[in-house]
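Asker: What follows is each chain in one-letter form.
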Amino acid sequence: MIVATVGNVLVWAVWIVAAFACLGSGVAVVSFSNPFYSALALIGNLGSLAVLYLLLSSEFVAAAQVLVYAGAVMVMFLFVIAYIGPRTESPWAGGPSWQAVGAVLAASALLVEIIVVIGLKAGGRLAHSHHIGGSFGSPSYVGRLFLSDHLLAFEITSIVLLVAAIGGVILGAHSRRATDEVPPL
Amino acid sequence: MGPGTAWYLSVAGFLFAVGSLGVLIRRNPLIVLLSLEIMLNGANLALITFARHLDSGDGQIFALAVMAVAASEVVVGLGLIVALNRKRVPLDVDRLSSLRG
Numbered sequence: 001m002i003v004a005t006v007g008n009v010l011v012w013a014v015w016i017v018a019a020f021a022c023l024g025s026g027v028a029v030v031s032f033s034n035p036f037y038s039a040l041a042l043i044g045n046l047g048s049l050a051v052l053y054l055l056l057s058s059e060f061v062a063a064a065q066v067l068v069y070a071g072a073v074m075v076m077f078l079f080v081i082a083y084i085g086p087r088t089e090s091p092w093a094g095g096p097s098w099q100a101v102g103a104v105l106a107a108s109a110l111l112v113e114i115i116v117v118i119g120l121k122a123g124g125r126l127a128h129s130h131h132i133g134g135s136f137g138s139p140s141y142v143g144r145l146f147l148s149d150h151l152l153a154f155e156i157t158s159i160v161l162l163v164a165a166i167g168g169v170i171l172g173a174h175s176r177r178a179t180d181e182v183p184p185l
Numbered sequence: 001m002g003p004g005t006a007w008y009l010s011v012a013g014f015l016f017a018v019g020s021l022g023v024l025i026r027r028n029p030l031i032v033l034l035s036l037e038i039m040l041n042g043a044n045l046a047l048i049t050f051a052r053h054l055d056s057g058d059g060q061i062f063a064l065a066v067m068a069v070a071a072s073e074v075v076v077g078l079g080l081i082v083a084l085n086r087k088r089v090p091l092d093v094d095r096l097s098s099l100r101g
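Going down the list, the sequences are from chains C and A.
If you're matching positions, the first sequence starts at 1 in our numbering and goes up one per residue.
If you're matching positions, the second sequence starts at 1 in our numbering and goes up one per residue.
Heads up, some of the hints might be wrong.
[As the list claims (entries may be wrong)] Computed footprint of chain A on chain C; a stretch qualifies when at least three of its residues, placed anywhere within it, have a C-beta under 8 Å from a C-beta of chain A:
1. 19 to 28
2. 56 to 66
3. 70 to 80
4. 109 to 119
5. 133 to 143
Hint data in this document are derived by calculation from the structure and do not stem from the laboratory.
Where a beta carbon is used, it is the ideal one built from N, C-alpha and C, also for glycine.
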C-alpha cells in the first residue's frame, strides 16, 4: 500500500515536471527571437514529450521520437539555420498589431474549445481507462501491428519517405544555370 | 493512479494551441516550421493518450505514421527555404505572396 502510494507520487511528480517542461519550451519556441534558440527549445519540448510517452507506456514511440525528431530532424533544422544565418525577429516588437491580436484570439479560442470538450467528456468516458497488457507499446507489439493489421500504412509511409527524399534532393540541388541567368523574383 | 487521460489531453490541446499561435504570428518560415512540429506533436500526444486509454495499438501506429509524415514535411520545407535563400528571396512569409518563380 505504501509502496503503491510512493509510486503514485513519483508518477505525478515526473508527470508535472515533464508537462510543464513541455508547455514552457513550447511557449519558448514561439517567443524566442533567435531561430537557433527556438530550435534548441524544440529539442527540450521533444524530450519532455518522450517522457510523457514513457508514462503512457509507449516505449517504442518514445524511443522513435528521440531518434527521429531530437536526433535527425533537429540536426537538419540546426544545420539549415546555421546555413542561412541567424535572422532575429522579435514577434512582439512594435506594439500589438491587428494580426498579432487576431492570432492570439484565434489560438486562445482553440484552446478554450479543446479544454471545454475535454471537460465535458472527462466526467463520463475518460475517467476509467482500460487495463493494458505487459507487452503494450513494446517494439514487438508495434512491429506485429505494423506487419499484420497496418501493412498498407507501413508501405505507404515508406513511399512517402522515398518521395520526400527525392524532393529534398531536387530542391536542394544546385541549378546548372549560372546565377545571372536565374530570373529574379 | 497517475494522472488521468484528461490531463494528458489538456497538455496536448495546449501544445496544439501554442503551435497554431506560432504559425499565425511568426514571419520567419523556419519558425513557422518549428511551430508546425509543435502542433503535430500535440496531435501525437493525443493519439498516444487515446491508445493507452483504449488499450489499442492503433493510435501508436498512427503516431508513428504522423512522425514519418512530419519528417518528410521538414525535408521539403527546409529544401524550399534553402532554395528561396539561394535565390535571394527575403525569408518573410508576409512577403512570400506570389507563386511566380
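Asker: Next, verify each hint and record whether it holds.
Answerer: Checked hints:
| no. | hint | verdict |
| --- | --- | --- |
| 1 | 19 to 28 | holds (count 5) |
| 2 | 56 to 66 | holds (count 7) |
| 3 | 70 to 80 | holds (count 5) |
| 4 | 109 to 119 | holds (count 6) |
| 5 | 133 to 143 | holds (count 5) |
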